[in-house]
Amino acid sequence: AQTVTQSQPEMSVQEAETVTLSCTYDTSESDYYLFWYKQPPSRQMILVIRQEAYKQQNATENRFSVNFQKAAKSFSLKISDSQLGDAAMYFCAYRRTGNQFYFGTGTSLTVIP
Amino acid sequence: NAGVTQTPKFQVLKTGQSMTLQCAQDMNHEYMSWYRQDPGMGLRLIHYSVGAGITDQGEVPNGYNVSRSTTEDFPLRLLSAAPSQTSVYFCASSPARRANSPLHFGNGTRLTVT
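As you go down the protein sequences, you meet chains A and B in turn.
The numbering of the first sequence is the numbering used here, which starts it at 1 and goes up by one.
The numbering of the second sequence is the numbering used here, which starts it at 114 and goes up by one.
Keep in mind the hints are simulated off the structure, nothing from the lab.
Take every hint as true, because none was put in to throw you off.
In silico negatives: residues of chain B with every beta carbon more than 12 Å from chain A: (1) Val125; (2) Gln135; (3) Asn141; (4) Ser180; (5) Asp186; (6) Thr225; (7) Val226.
Chain A is faced by these chain B residues, among others (derived, beta-carbon under 8 Å): (8) Met154; (9) Leu156; (10) Val163; (11) Pro215.
Remember, it's a predicted structure, so these values are computed and weren't measured experimentally.
We put the CB at the ideal spot given by N, CA and C, even for glycine.
In isolation and in its complexed conformation, chain B is listed as follows (with noise of 0.2 Å):
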């Protein structure tokens, strides 16, 4: 049982580069989303998505895009990288009709912009 995947565990950028990382969960769950991790910040929440096809901003969307093309697969896309974006990115999903579910997550990308 693999739960969520993510892809690349580790990943260097230069300033303007782009780059797509990698989630896939095998659970079944129609609830993914996508956070990043500073220092002081907790999680903040990029983009989620609540079914194939159905993908929403979270509190820090800016510089991120996102598509659902089936249940399984969630990519987060980094259009011209920035040093802001240096950070640990963390896949998760849910259950969407059961919420007393957690968030499962994947074992982060930690992302370095030069």
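Chain A with its partners taken away, still in its complex shape (with noise of 0.2 Å):
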């Protein structure tokens, strides 16, 4: 089965600084996609940026902007000009073409005024 590793259970940035999550992922397959997601105290899950396996370029959204590796199985998750809105737990995720997601455990992000 595929798995995804989140090695950082816990992670706080500065206001307006750059902060990086972390993500790996083992898979024997050559086409997937990958996503982050943003679950803020209210508890919705909400998308944040996806990347294609069969892109190099790595995918950008606003401040948010992926460092996708996919020799080394690795997608970690920059976020720029941190703000406070920002606080919230990451979740890293895989989906393989056969529709099958799998998640990460989670990095909660602390945004320090």
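Dock the two chains into a complex; use the hints.
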């Protein structure tokens, strides 16, 4: 079975600074998709960014970007100019072409004013 | 556009009681799934479906049943609640034929079994 590992249970960042959340995954497939989700205290699951494995270019969405290293099976999330509203639990997810999604255990991000 | 609608938002059960968590989506998604979220364990897949009449087990299916009689609805049944089923439950859906599509989540149900 595929596994997704988030090795940082908790992270903190000063407001306006940059933070990187780590994610690694294990797969034998060459075609798959990766996602980062944000879960604020409201419990809602919000899509932050997605990456197709066949694309070499790293995805970017405003202040959020990824560093996708396919050979290393690494998919880290960089948050620039951190804001108080970025405080949340962040989950990395892997989707195989057969529909199933696999999630990491999450990283709790605290933003310090 | 309602998206994925989950009910109830909160539920307290006594050990041995049964109940059904409701999930409906209006996006015509073929793929629907149920996850449970526990501290330090992320989201674990309970059951999933790739279309009406088709269901399959995920990582933690014991104690739960599902059915998929229509594309829109995917209820989760707890047969005999146990304290170990205290958790937050999410229903999620996605188009099955667009593999780059993310999961669309409901707002979750917090279930407490006493």
